[in-house]
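2 protein chains.
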Amino acid sequence: MSNYTKTHIGDEGRVELHETLSLTGAEISINKLPAGANVPFIHSHKNNEEIYGIVDGKGKVIIDNETIELKAGDWLKINPEAKRQFFAASDSQITYICIQVKENSLDAFTADDAIVYSY
Amino acid sequence: MSNYTKTHIGDEGRVELHETLSLTGAEISINKLPAGANVPFIHSHKNNEEIYGIVDGKGKVIIDNETIELKAGDWLKINPEAKRQFFAASDSQITYICIQVKENSLDAFTADDAIVYSY
Chain A
0 MSNYTKTHIG
10 DEGRVELHET
20 LSLTGAEISI
30 NKLPAGANVP
40 FIHSHKNNEE
50 IYGIVDGKGK
60 VIIDNETIEL
70 KAGDWLKINP
80 EAKRQFFAAS
90 DSQITYICIQ
100 VKENSLDAFT
110 ADDAIVYSY
Chain B
0 MSNYTKTHIG
10 DEGRVELHET
20 LSLTGAEISI
30 NKLPAGANVP
40 FIHSHKNNEE
50 IYGIVDGKGK
60 VIIDNETIEL
70 KAGDWLKINP
80 EAKRQFFAAS
90 DSQITYICIQ
100 VKENSLDAFT
110 ADDAIVYSY
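The listed protein sequences derive, respectively, from chains A and B.
Under numbering that gives the first Met the number 0, the first residue of the first sequence is numbered 0, with each subsequent residue one higher.
Under numbering that gives the first Met the number 0, the first residue of the second sequence is numbered 0, with each subsequent residue one higher.
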């Protein structure tokens, strides 16, 4: 059996990768909101932290009533209990990656989890 | 104390977000290899699965001796034990996100982990 899974994402509005890639440690979605649009609800999480990366466009997020302006290259971590809602700018779409992981689930990483092979 | 952390990433060669954003469930890096360059070693992981998203450019990855061509929009999950090495194309840089999470660490997610507020 293959040790990897692969997909390609084009210009869809929202794509979720958990099932497509058989993820076991994260849910990842790629999201695009057209200019003037917003996620139609406020939400928080029970156990998962979310990391958002803005890959294109601009907009804002409101976190616990604080407004944070967003542009491509911005990355945020949002704690589970924070109430959040994302908005595209009135004159620009916003495209962002959302990575959902269980808070405090990562143990060792990078050099401490890697096995490096000489060749 | 704030319920979020934030940073901005420009055109650096490699940026790691774990400390910068105080991540607890993932390590995330943004990586750029110039045309003709490659990660200078093969590696696998003990406990972590990695999810890679190609955000710009093109190249390839060799996973367990299989070569997979890569272009912007491609996403892969690689199992911990797979041996991997990333390469930029000879005529193009490649920019990719690497998300490292503990295998089998995610329980409920999205609707099952969310609390939605009406307003």
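Hints listed in this document are in silico derivations from the structure and should not be mistaken for laboratory results.
Some clues are possibly wrong.
In this list, chains with the same sequence are indistinguishable; a pair is considered to hold if it fits within one copy or across any two.
Taking lysine-lysine and the DSSO-like style, the derived pairs with C-alpha atoms no more than 27 Å apart in a straight line are [as the list claims (entries may be wrong)]:
(1) Lys57 / Lys82
(2) Lys5 / Lys59
(3) Lys70 / Lys82
(4) Lys5 / Lys82
(5) Lys5 / Lys45
(6) Lys59 / Lys82
(7) Lys45 / Lys59
(8) Lys31 / Lys5
(9) Lys45 / Lys82
Going down the list of hints, with the structure as the test:
For the homomeric pair Lys57 and Lys82, the shortest alpha-carbon distance inside one copy (20 Å) is at most 27 Å, but the shortest distance between copies (37 Å) is not. Taking the shortest alpha-carbon separations for Lys5 and Lys59, only the inter-copy value of 13 Å comes in at or below 27 Å, while the best intra-copy value is 31 Å. Only within a single protomer do Lys70 and Lys82 lie at most 27 Å apart by alpha-carbon distance; the minimum there is 20 Å, versus 35 Å between protomers. Taking identical chains as interchangeable, the C-alpha atoms of Lys5 and Lys82 lie at most 27 Å apart only when they sit on different chains, with a minimum of 16 Å there against 32 Å within one chain.
Only between protomers do Lys5 and Lys45 lie at most 27 Å apart by alpha-carbon distance; the minimum there is 21 Å, versus 29 Å within a single protomer. Taking the closest pair of Cα atoms, Lys59 and Lys82 come within 27 Å of each other only inside a single copy of the chain (14 Å); across copies the shortest separation is 39 Å, beyond that limit. In this homomeric assembly, Lys45 and Lys59 come within 27 Å of each other (Cα to Cα) only inside a single copy, at 23 Å, whereas the closest approach across copies is 38 Å. In the homo-oligomer, the alpha carbons of Lys31 and Lys5 lie at most 27 Å apart both inside one protomer (21 Å) and across protomers (20 Å), since each shortest distance falls under that limit.
Taking the shortest Cα distances, Lys45 and Lys82 sit within 27 Å of each other inside one copy (11 Å), while across copies they are farther apart (35 Å).
Checked against the numbered hints given earlier, this structure breaks none of them.
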